[in-house]
Amino acid sequence: MSIPRLLTMLLFVLLMAPVGTAMAQQDDGSGEKLLEQLADASPASTEEALQAIAASGHERARAWLEAYGNNRLSRVKDTGEIVIVLNNRGRDWTVADAVTGENLGEMSRRDLDRIAINNAVRRQLAGVLAMLDLYAEDPEVREEAARDLMGKVDEAVLDPLIGRLDEEPVAAVRNRLEQAVAIYRVEQEGSIEAVDVLAGSLHPRARAALNSAVASENPALKAAAQKALLSVEQKLKMNRAAETLYFGLSLGSVLVLAAIGLAITFGVMGVINMAHGELIMLGAYTTWGMQQLLPGQPGLALILSIPAGFLVAALAGIAIERSVIQFLKGRPLETLLATFGVSLILQQLVRTVISPLNRTVVTPEWMSGSLVINDALSLTLNRMYVLGFALLVFAGLMLIMRRTRLGLEVRAVTQNRAMARSMGIKATRVDIMTFALGSGVAGLAGVALSQLTNVGPNLGQNYIIDSFMVVVFGGVGNLWGTLVAGLTLGTINQLLEPWAGAVLAKIIVLVFIILFIQKRPRGLFPQKGRAAEG
Amino acid sequence: MWLARPLQERSTQLFLGILFLALIAVTALHLALPEGHPLHVSAYTVTLLGKYLCYALLAVAVDLVSGYLGILSLGHGAFFALGGYAMGMYLMRQIGDRGTYGDPVLPDFMVFLNWQELPWYWYGFDMAWFAFAMVLLVPGALALVFGWLAFRSRVTGVYLSIITQALTFALMLAFFRNEMGFGGNNGLTDFREILGFNLRSDATRLGLFIATGIALAIGYVVCRGIVTSKLGRVSVACRDAEARTRFLGYRVERVQLFVFVVSAMLAGVAGALYVPQVGIINPSEFSPIFSIEIVVWVALGGRATLYGAVIGAILVNYAKTVFTGVMPDAWLFALGALFVLVTVFLPQGIAGLLRKRRKTTDDGSGPSDAPTTAEATA
Amino acid sequence: MLQIEKLNQYYGESHTLWDLDLDVPQGQCTCVMGRNGVGKTTLMKCIMGEEKVADGSIRFAGDVELTKQPLEQRARLGIGYVPQGRQIFPLLTVEENLRTGLASRGDGLKTIPERIYELFPVLKEMKNRRGGDLSGGQQQQLAIGRALVLEPRLLILDEPGEGIQPNIVTQIGEVIRRLIAEDGLTVLLVEQKLPFARKFADRFAIIDRGRRMAEGEISELSDQLIRQYLTV
Amino acid sequence: QEGPIKVGVLHSLSGTMAISETALKDTVEMLIQKQNAEGGLLGRQLEAVVVDPASNWPLFAEKARELLAQEKVDVIFGNWTSVSRKSVLPVVEELNGLLFYPVQYEGEESSENVFYTGAAPNQQAIPAVDYLMNSIGVERWVLAGTDYVYPRTTNKILETYLMDQGVAKEDIMINYTPFGHSDWQNIVSDIKRFGSAGKKTAVVSTINGDANVPFYRELGNQGISSTDIPVVAFSVGEQELSGIDTGPLVGHLAAWNYFMSVDTDANYDFIDQWIEYTGDEEAVTNDPMEAHYIGFNMWVEAVRKAETTDVDAVKDAIIGVTVPNLTGGYAAMMPNHHITKPVLIGEIQDNGQFAIVWQTPSTVAGDAWSDFLPGSRDLIADWRAPMSCGNFNVKEGKCGASAGEQAKAAAE
Amino acid sequence: MSIMTELANRDRVFNFLTPTDSPVDVRHGPILYLEDVTVSFDGFRAINDLNLTIDDGELRCIIGPNGAGKTTMMDIITGKTAPDTGSVWFGSRHNLLTMSEPEIASLGIGRKFQKPSVFEALTVFENLELAMATDKRVFPTLTATMKPEYRDRIGEVLETIGLKDLMHRPAGILSHGQKQWLEIGMLLMQRPRLLLVDEPVAGMTEQEMERTAELLTSLAGKQSVVVVEHDMGFVRSIARKVTVLHQGSVLAEGTMDQVSNDPEVIKVYLGEEA
Ligand SMILES: Nc1ncnc2c1ncn2[C@@H]1O[C@H](COP(=O)(O)OP(=O)(O)OP(=O)(O)O)[C@@H](O)[C@H]1O
Ligand SMILES: Nc1ncnc2c1ncn2[C@@H]1O[C@H](COP(=O)(O)OP(=O)(O)OP(=O)(O)O)[C@@H](O)[C@H]1O
Ligand SMILES: [Mg+2]
Ligand SMILES: [Mg+2]
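Protein chains in written order, with this note's numbering: chain A, 692 to 1225; chain B, 3 to 380; chain C, 68 to 299; chain D, 14 to 425; chain E, 288 to 561.
Hint data in this document are derived by calculation from the structure and do not stem from the laboratory. The beta carbon of each residue, even a glycine, is placed where N, CA and C say it ideally should be. Incorrect hints may have been included.
[As the list claims (entries may be wrong)] Below, simulated BS3-like cross-link-like pairs (lysine-lysine); rule was C-alpha separation at most 25 Å, straight line:
#, chain 1, residue 1, chain 2, residue 2
1, C, K194, C, K177
2, C, K191, E, K402
3, B, K322, D, K85
[Stated by the list, open to error] Residues from chain B that keep clear of chain A, each with C-beta distances beyond 12 Å, as calculated:
#, residue
4, W131
5, V157
6, L197
7, G327
Next up, chain A with everything else stripped away, as it sits in the complex (with noise of 0.2 Å):
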């Protein structure tokens, strides 16, 4: 323990208490001076000048520990003076006094010199952040910050963390206090008592901290935390298996969301769409564009981009239809080598036209993170939706192949379109309203796939494979065998992937469609009876 560390301990200690209880203040050291400890803070004394920023209760404080934390606390390089850098893209960038918040406006990148910081002092930035929200107004963000500090507890910070335990009224947040505090006695100072208190806790901080007591030389301890672990281990196993099987879920629907418009255009028409990839990619284009025409709002973008996408891939299907398709009735292995002409040019044109480069486009607040079912569990909120959506996408297209005409039109055109013709049925319409929904469809899976992977050129070309795949495992022409199909698929190599690696886990995969596919030579859910079999 250094005297550094044990003086600053005192002087958080005297100084916070009032922080806790009144908000009375008064701004001590100026914010100058403070700035400028951090600013020529050694590594060694970088934490001392963060910790007297916190301690200082400055009004700005929080702006200037978040804006380090961020990288944007910068010295202009001739004059010394501190800033805040507000926007950084670009050559030149907009700054803001940093003590008085002041707007300075542009400033060349050139002229800035940056105070840098790195994960070991984020570290305890972090834990600094944590402790000044221990005493915010809201209760959860309280807990948050209780949260945060699991694992995170030090010396510096016991004494106003077990102060603050004893203020602090909800609850839950005293909990996740209390564990904070125990973890750090069980690895700390071997307490046995502490062990108690994490024995229910999923937190794999807690779990860490009864790992290393079980690690210890102390029988007791050993035998306690032992304990402790058993009563988890039950659970973090149910736990396991449930997010093994929301991972295959999800990436299941990813599956079923990239055929599915497949198994309309291909499934249903019998077209052999090798720009399928390509139409997925425009719909997450489409996506990109959206965010770019509305900055700053990237969740109402995502949303408009699920109609967009889907008009802008049903327009380039309809293209692709009129222009090469509709000549190429009956003729499969025709449209293959049409489409995949059609897929060439597509990728190309968003090469030239965009760039060769993946394109950002940002996940909306309210989809990133997770759902936290408990320290254990928690599920990605994009994969969620993703799931959700291509769940709705599934259900509304067998809607409208079940209960519109158009579903039963295009069923007979493709069975036998001379006599579908001769039935009324306007053949020429049919398709191109078929293969704008298969496209259409594409698109939006395009729209989703933006949230979970590149948006590039070769989008694409990730998926037309797999989209093939899934159509035909799960039976060309049926609509539930591709949602069955490729959850399955999903699932099975979620499940393998732990023990076999994701390498093997794919070729598992393969190998087992080729093998299914020698039992059920019709997928899984064939179409039976005498015309099946010809």
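We have chain A; now place chains B, C, D and E with the ligands onto it with these hints.
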């Protein structure tokens, strides 16, 4: 003999004639004219042509199954690559202790990934006869096992296409794995000599080119022999009405298996000749997209006309060579447009153009060379 | 109802129909006869628009020039077609097969008219079976039923009795007569079986090698004609 | 001696690698343009010969041959990925060409005709690990990579290195994924678990190309922040970041020899020039671009020194050539055809740039043969006469047969 | 694998010991023997406890309402459909249920389908060539040559079916009736021991019908023929023994007169006037 039959056919004679003329012409122009002469064919061009011929042989193999047997194989790249790997392993072993690390047995990539000994499946590849046999046997055996499974269970149509694709995809992933012992993503490269000839000498290049030409000729005759035989007609029958063929007493699955295996072996040979000429074999040859591309060559050339496959393969790859050099930024547009235009305006592929011309000249062929009818309606 | 004049049709190089004339009067059943391969089916396809005609005219209901109408439109004009070989949609259920015709009816009806099921009860029984699974005869009934869903003014039947059990053949004949009598339907029938033709048709036309060789009331169909054009 | 000096550019403009390589093609073209504006070289103009090997490895060899045999270029700048280089290598050696390879790679190679201006493992991986160990206090390691040779070799080297440093075997987790892997849920969850053992954990990522975006996304969504488990990547540069929503990634790391954010005038000038050349205010620069910048200048320098573009002369002249790099120092061409480079560690910022958090005090010379692999420990490369050997075994005191010599022997 | 299970069944003569390729054994009477055969599709019983015996050289007509299961019965005999229960024997030696379609076909059971199915891409000539009774294994097929006697035989059949003029045209362009004839021709080429003919005269004129009738009766005696037909005139002209199927089982059996006077048959099939 069924193999002699195609030799009496005008179209085959014409094909072989053109092929051999081309071989002789290239050889002569390469050897006789000095470098710098406008008509001189450089070693670079010779190798390039050799590569096209490999692709042509591969396309012929694919056409045999997809055009005549109705099995749209989207995984023939796998057989090609396996043939290539067999050859690559031979060439690797030929390096001997001249590798970077000087290990007499282990190839370089094994040394630096710390392999202690040669995996068993590398044994024997130091012997040319063994390796060359493997060029035929490995793809053949894979096709046999795979085909036996698939045809026995009557997997047809797109289902078959997709599992061939799954096959090549799985193999690609497997060969990417370094643990497999085939050099992972880098594959096998840095070859030195073949049968004692230095691979970097122009004479060897020319030799390989000629060998490829001959292989193509043989492959073409073999396929043509099958196609013009009664078995060829049975294949077409299987393609169009599999069940009906069974009721006539043909074991459809065996016919399919036979043709599939022959085709796989031809693809293997093509791969084996390809590797020493391009100097590398790596798992991307297994990629499904490559296999799809092969089908595209065939379709572009004209399906179910073996020579169409040859034309398609050479044309597309020539176009690629030219376009990637002349308009590196926009060549995909050109290639894509080529595919689209051919399908829309030449429904029978390029061979359709030629056939139209031929139709007007000769007509009323006898039944013995009748399989052209399959082409007429395909 | 239908006047065909100087119709010529080619399959590629081969000239199949030669200057063919045919008159199908309203409210009657006209039976086209001829040996195998003389072009009967081809003629029906020309009327439906499935094959292109080289020249000649097909006039429907007095003034509509059918050769200028797209295929789909002919169904909407009120021509029902029961093709040779049935051509049902194999993977649609029986009911769906029937429903394909609903959109071409002018009245926007959404359900299958009960009458169809009355005429062919087996269709009701097999409503949910795939069309392709039906037996040959059942399919034939389905094909006729499907054409009737359109409520056509002109019904074209290409060998409707083929593969159907005798009592149903008779029944089909009766249905035809009933429709003619009740709805004023016009029927164009292709039939090889003399007894059937004699019993249910009003008029006949004989085609040989793509030309119309004879035409007249069914009672005029003499043994001499039969020997000349219908025997091999 | 008439006509322009031809400079071959062998970078994929289509296919999977186009994402990375297109910018390099532009860089070379820009450098040529600038050189020409300054009067060319030896009084002659430079001319770029651009071909597209389309991310297809055999095509790389073919195109290299086209450049050397047909176009008769004097030098080639090109390739990205080891396999493309390995494919081209025999061709360049056979036809005695010059190839400047601008990307970090696994080492274990030294060719007479190839100049490696990207980082060898000792110029990137090892310093990065040192940094994590010493400055961040990392004790537990996840080595995650795409399953191909570069990650395999790098991880092998790192594993040996870490164990030498006393890291226990169970504190190292190695994970490989296929190219373009897009579903990282399980792996990220594993990493999370692995990192919850109470020891500070970091991920050393050799994940390649497109797979990074979904990987980082998943990291962010599963709530792994850089303060919990930092990720240090060797293949993620500014260009890759420009396709990622960097918000959730702030604080993750990358190790390179150059960052766009480097605070030197040379760099700012280069950036200005690049933005002007591309006409895109948002255009970014990255490490391989700097490598080309250095390589190009070295070649120019060497040609000047040799007063000819003749390959053998340039090859001899270039060893020892020193040119300024963009990070305020100098890069020298070493006898083993690798160059000296500083190693920088940068943190991802929300603007898609890296903030430099650490750098080596001086430049590090690239090592062709790793000291941490048993097979190559004793090998060195030195292309100066009289040794002229790419894999000299210092223990045995003899030169292993090298490809270059082979070619020469054949030619004789 | 299958050998292993066979070895376990010691009470039977091993399959591989009985010569399967031996000619059909008809010493004990019938050439075709169906017993208690039942098939259902999704719960619908298409064939229901069917018993049927065909004697060697017999010409048998089978009639019955649409959907009675006639075609399905043929599917079972030729191995296309596997019955749920029952046994089907060809002669007294061959259990057809254990054989595949090609095996059954090469044993000598030929079939004409209800919907004419010919190889549309092949010419008429080639269609017949493929049907010809020769060695149909892969290698013999590969090396097969067109011998003069084969050509003659095909010529003969072409004559019989009246498609001589069209012999080099692809079968796809034939009219419906022509296809019917071609299929009959293919059946003749096969020279089977047992012919299963499903609705041969659909789409034929009266005269052609007569010719077909002649053809079939001329075959009987040497070969056994089973004809399914709805045309009563035709059936009457060839029939010796008639079996009536109804709802998957035999409703009546006897001479044409017996059958056509059977009130049940009249009710479900013939109708009052027939
Ligand atoms: N698509 C086609 N291409 C070329 N010729 C054809 C085509 N379809 C039919 N034909 C020929 O045209 C002629 C008339 O055929 P069509 O089908 O009209 O005869 P049909 O009178 O209906 O005979 P059937 O009574 O047998 O049904 C036949 O000789 C047939 O071979
Ligand atoms: N695969 C199948 N799935 C469902 N039902 C089937 C299937 N195959 C046949 N059926 C039914 O079995 C019954 C018998 O059919 P089958 O074709 O054998 O009749 P059939 O006696 O040949 O009639 P037809 O004289 O009309 O040809 C029919 O009702 C048919 O719908
Ligand atoms: Mg007809
Ligand atoms: Mg039937």
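Discussion item. Flag every earlier hint the structure violates by its number, smallest first.
Written reply: Of the numbered hints, just 5 does not hold.
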